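In order, the protein sequence lines correspond to chains L and V.
Numbers 1 to 73, taken from the numbering used here, label the letters of the first sequence in order.
Numbers 1 to 363, taken from the numbering used here, label the letters of the second sequence in order.
These are computed hints drawn from the structure, not numbers from a lab.
Just so you know, these numbers come straight off a predicted model, no measurement behind them.
Check each hint, because a few of them may be wrong.
[Said to hold, decoys possible] Straight-line C-alpha distance at most 35 Å; calculated DSBU-like pairs for lysine-lysine:
1) K86(V) to K73(L)
2) K159(V) to K68(L)
3) K275(V) to K195(V)
4) K22(L) to K159(V)
5) K237(V) to K22(L)
6) K237(V) to K27(L)
7) K26(L) to K237(V)
8) K263(V) to K195(V)
9) K237(V) to K23(L)
10) K51(L) to K237(V)
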Amino acid sequence: MAEAVIVDARGLSCPQPVVETKKAIKKTPYGEIHVLVDTMTSVMNVSRFAKSNGWMAEYEELPEGSFKIILRK
Amino acid sequence: MFRALNRLLMSRTGPILTGVAVGILAPLLTFWGNPGNMGICVACFTRDIAGALGLHRAATVQYVRPELAGFMLGSFVSSLMYGEYKPRTGSSPIIRFFLGFFAMIGALVFLGCPWRAYIRLSAGDLNAIPGIEGLAIGIVIGIGFLWRGFNLGRNFPAKRALGYVMPAIAVMLIVFVLLRPSFGPEGSSAIFFSKEGPGSMAAPVALSLAVGLLIGWLAQRSRFCTVGALRDLIMFKDFHLFNGILAFIVAAFITNLFLGQFKLGFEGQPIAHTKALWNAMGMVLSGLAFTLAGGCPGRQFIMSGEGDGDAAVFVLGMLFGAAIAHNFNLASSPAGPGAYGPAATVVGIVFCLFVGFLMREKI
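Make the full structure from the sequences, and use the hints.
Listed below in structure tokens is the structure:
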């Protein structure tokens, strides 16, 4: 299985985490993408966008307080 | 009960609930004493605060609006309670300051921020239509930059105390409005309170503050944003925030009808002018500046309460912009744009276009 694509969107203003996710999805139509963000707002925005494009989305909180959103398709 | 409400606010229903709350409470605030179609106007209220502090001397628009203090404190408390208080800063603060500055200039040429544009529409003020069209155009231009890699850079986590600054300012504003201190001979020194005009019209402090706190709380939980709504709809066909704006307009329309505050037409609308071109252009500038900064003025206040130091700088830029707008005759009046308002709008749009073209970053 190919390694997950990592998108580091930490510290970016709205809606840039979603823009970066969209670009990654375009490049990687199937597989696993990990999006790093640091606010719950971004977690929800990215997850909502990914789900509406047919991806499964879950997230986990990282020790330093940011979040990893795991997208699979 | 709180947990269920919070789940609801975090869900698809959140922006709708917030929109309904704002749509009912804003016209009510006008009914309770706030200026016409200005139950809540983030730009106008920031301008009134600038006047109260003596940063500008337009005697009719000086009042310490408790609603905005409530926005920051409601959001601060809510973000603390739900673990979302995250002090952060460092994403081009000086650029954000001037985006706030010019967003305010544009709003004062139109005579209202996006919140008030929707309120004016819901009360039958048809001058809001060119304003909202302009807002949409500004947002679309901003989206063009976002697709082309526009980016003000990352922010970085900051010390916890950084986020206390804006809530502390909010507390100070509440003290000012309650005690009405005068820092010198009456009438010549701050704090200024208008004796006539829009600044003299205000709902009771306790009601204004309570509404501000409630909306600050709701908007922090639901991420309600009057600019993000159009942006996400156009960029991603995402109705999440847009539904909140629809709910806001419908609720405000019904409430205004019910309170007898609905009046259809262009002429004689409260605190509005009929110059369609500058109603539109002012909002093109505002819409573009807000989009480049990542959110509407309400959202910037909410984020400043959550500890976002860059949003706080944007808010201070708005405060400075309001002072300049009145000191330099840029702000409109019911007669039309101020003498230098149109020129300042063009300068602002050029500034935003430069920012949009030049601030691109590979990430």
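Inset, instruction - For the pair supplied as a hint, K263(V) and K195(V), confirm whether the alpha-carbon distance does not exceed 35 Å. - result: holds (27 Å)
Legend entry - Distance restraint between K86(V) and K73(L), which requires alpha-carbon spacing of 35 Å or less: holds (31 Å)
Legend entry - Straight-line alpha-carbon gap K22(L) to K159(V), limit 35 Å: Judged against 35 Å, a Cα distance of about 32 Å means the pair holds.
Inset, instruction - Quickly compare the C-alpha distance for K237(V) and K22(L) to 35 Å and report which way the hint goes. - result: holds (13 Å)
Inset, instruction - Below or equal to 35 Å on CA atoms is what counts here, so check K159(V) against K68(L). - result: At roughly 22 Å apart (the allowed maximum being 35 Å), K68(L) and K159(V) satisfy the hint.
Inset, instruction - Would you mind confirming whether the straight-line C-alpha gap from K275(V) to K195(V) stays at or under 35 Å? - result: holds (28 Å)
Inset, instruction - Take a quick look at whether K51(L) and K237(V) sit within 35 Å of each other, Cα to Cα. - result: Measuring from Cα to Cα gives roughly 13 Å; hence the hint holds.
Inset, instruction - Quickly compare the C-alpha distance for K237(V) and K27(L) to 35 Å and report which way the hint goes. - result: holds (20 Å)
Legend entry - Holds or violated: K237(V) to K23(L), with C-alpha atoms at most 35 Å apart: Since the Cα atoms of K237(V) and K23(L) sit roughly 16 Å apart, the hinted pair holds (cutoff 35 Å).
Inset, instruction - Compare the distance between the alpha carbons of K26(L) and K237(V) with 35 Å, and conclude whether the hinted pair is satisfied. - result: holds (16 Å)
Against the hints set out earlier in the document, no violation occurs for any number.
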